[in-house]
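Visitor: Residue strings, one per chain:
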Amino acid sequence: SAVISQKPSRDICQRGTSLTIQCQVDSQVTMMFWYRQQPGQSLTLIATANQGSEATYESGFVIDKFPISRPNLTFSTLTVSNMSPEDSSIYLCSAGMGQNTEAFFGQGTRLTVV
Amino acid sequence: DAKTTQPPSMDCAEGRAANLPCNHSTISGNEYVYWYRQIHSQGPQYIIHGLKNNETNEMASLIITEDRKSSTLILPHATLRDTAVYYCMFGGSNYKLTFGKGTLLTVNP
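Respectively, the protein sequence lines represent chains L and B. Numbering-wise, the first sequence is residues 1 to 114 according to the numbering used here. Numbering-wise, the second sequence is residues 1 to 109 according to the numbering used here.
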């Protein structure tokens, strides 16, 4: 299994500002993903973080709003840009060890935008 | 999207087996069935996954029907700490997992 650490665990931010969330995995992984969980809802995939290339975004999510970096096989960041109260959610990092194997999740970053 | 159907909620008595059903009739032949759970305010926790044979680990058993259109997650002796939202999904060949609404399992004393 993989242990995934996210920072910060929570934050309260002013609208119009940006927040960068870090995700660190304790071992090299093939794939990393970012999810959003809005209050009372299920998880929605934002994007796949690709090592050494641009992230692959799901429908409804764009790079300008959610820029993602993945400089190596154990680390990724997600930035929530120009935040509004609608961005208040839990943001979760996930890492997959290989095709058709299980993925593991961090504990999430609880973001509140005021 | 990989769509599954689960009951929105279920109850189970502590110490009894919890049987959580899932319908995944559009699953393709090479896609695995995955189960995760999310305890309030925590990240999702992996439980088990399988292709077509029944699987068992220290947490649960997974029973997949022969036509692979449905499955059942079995928690053999539910405890209060098993109260959570349980998600059934299929996929994995492209590493992506699509979460549905899940089943809120409440284990009662």
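No lab work stands behind these hints, which were simulated from the structure alone. A couple of the hints might just be wrong.
[Said to hold, decoys possible] Calculated lysine to aspartate or glutamate pairs in the DMTMM-like style (CA-CA distance at most 25 angstroms, straight line):
hint: 1; chain 1: B; residue 1: LYS96; chain 2: L; residue 2: ASP26
hint: 2; chain 1: B; residue 1: LYS101; chain 2: L; residue 2: ASP87
hint: 3; chain 1: B; residue 1: LYS3; chain 2: L; residue 2: GLU58
hint: 4; chain 1: B; residue 1: LYS3; chain 2: B; residue 2: GLU14
hint: 5; chain 1: B; residue 1: LYS52; chain 2: L; residue 2: GLU102
hint: 6; chain 1: B; residue 1: LYS3; chain 2: L; residue 2: GLU102
hint: 7; chain 1: B; residue 1: LYS96; chain 2: L; residue 2: GLU58
hint: 8; chain 1: B; residue 1: LYS52; chain 2: L; residue 2: ASP64
hint: 9; chain 1: B; residue 1: LYS101; chain 2: B; residue 2: GLU55
hint: 10; chain 1: B; residue 1: LYS69; chain 2: L; residue 2: GLU86
hint: 11; chain 1: B; residue 1: LYS3; chain 2: B; residue 2: ASP67
hint: 12; chain 1: B; residue 1: LYS96; chain 2: L; residue 2: GLU54
hint: 13; chain 1: L; residue 1: LYS7; chain 2: L; residue 2: ASP87
hint: 14; chain 1: B; residue 1: LYS101; chain 2: L; residue 2: GLU102
hint: 15; chain 1: B; residue 1: LYS101; chain 2: L; residue 2: GLU86
hint: 16; chain 1: B; residue 1: LYS96; chain 2: B; residue 2: ASP11
hint: 17; chain 1: B; residue 1: LYS96; chain 2: L; residue 2: GLU102
hint: 18; chain 1: L; residue 1: LYS65; chain 2: L; residue 2: GLU86
hint: 19; chain 1: B; residue 1: LYS69; chain 2: B; residue 2: ASP11
hint: 20; chain 1: L; residue 1: LYS7; chain 2: L; residue 2: GLU54
hint: 21; chain 1: B; residue 1: LYS101; chain 2: L; residue 2: GLU58
hint: 22; chain 1: B; residue 1: LYS52; chain 2: B; residue 2: GLU14
hint: 23; chain 1: B; residue 1: LYS101; chain 2: L; residue 2: GLU54
hint: 24; chain 1: B; residue 1: LYS96; chain 2: B; residue 2: ASP67
Since the model is a prediction, treat every value here as computed from it, not as a measurement.
Visitor: Could you run down the list of hints and mark each one as holding or not?
Guide: Outcome of the hint check:
no., hint, in the structure
1, LYS96/B to ASP26/L, "holds (20 angstroms)"
2, LYS101/B to ASP87/L, "holds (20 angstroms)"
3, LYS3/B to GLU58/L, "holds (16 angstroms)"
4, LYS3/B to GLU14/B, "violated (30 angstroms)"
5, LYS52/B to GLU102/L, "holds (16 angstroms)"
6, LYS3/B to GLU102/L, "holds (18 angstroms)"
7, LYS96/B to GLU58/L, "holds (11 angstroms)"
8, LYS52/B to ASP64/L, "violated (41 angstroms)"
9, LYS101/B to GLU55/B, "holds (23 angstroms)"
10, LYS69/B to GLU86/L, "violated (37 angstroms)"
11, LYS3/B to ASP67/B, "holds (17 angstroms)"
12, LYS96/B to GLU54/L, "holds (17 angstroms)"
13, LYS7/L to ASP87/L, "holds (17 angstroms)"
14, LYS101/B to GLU102/L, "holds (19 angstroms)"
15, LYS101/B to GLU86/L, "holds (20 angstroms)"
16, LYS96/B to ASP11/B, "violated (30 angstroms)"
17, LYS96/B to GLU102/L, "holds (10 angstroms)"
18, LYS65/L to GLU86/L, "holds (13 angstroms)"
19, LYS69/B to ASP11/B, "holds (24 angstroms)"
20, LYS7/L to GLU54/L, "holds (22 angstroms)"
21, LYS101/B to GLU58/L, "holds (18 angstroms)"
22, LYS52/B to GLU14/B, "violated (30 angstroms)"
23, LYS101/B to GLU54/L, "violated (30 angstroms)"
24, LYS96/B to ASP67/B, "holds (23 angstroms)"
In summary, the structure is inconsistent with hints 4, 8, 10, 16, 22 and 23 from the numbered list given earlier, while agreeing with the others.
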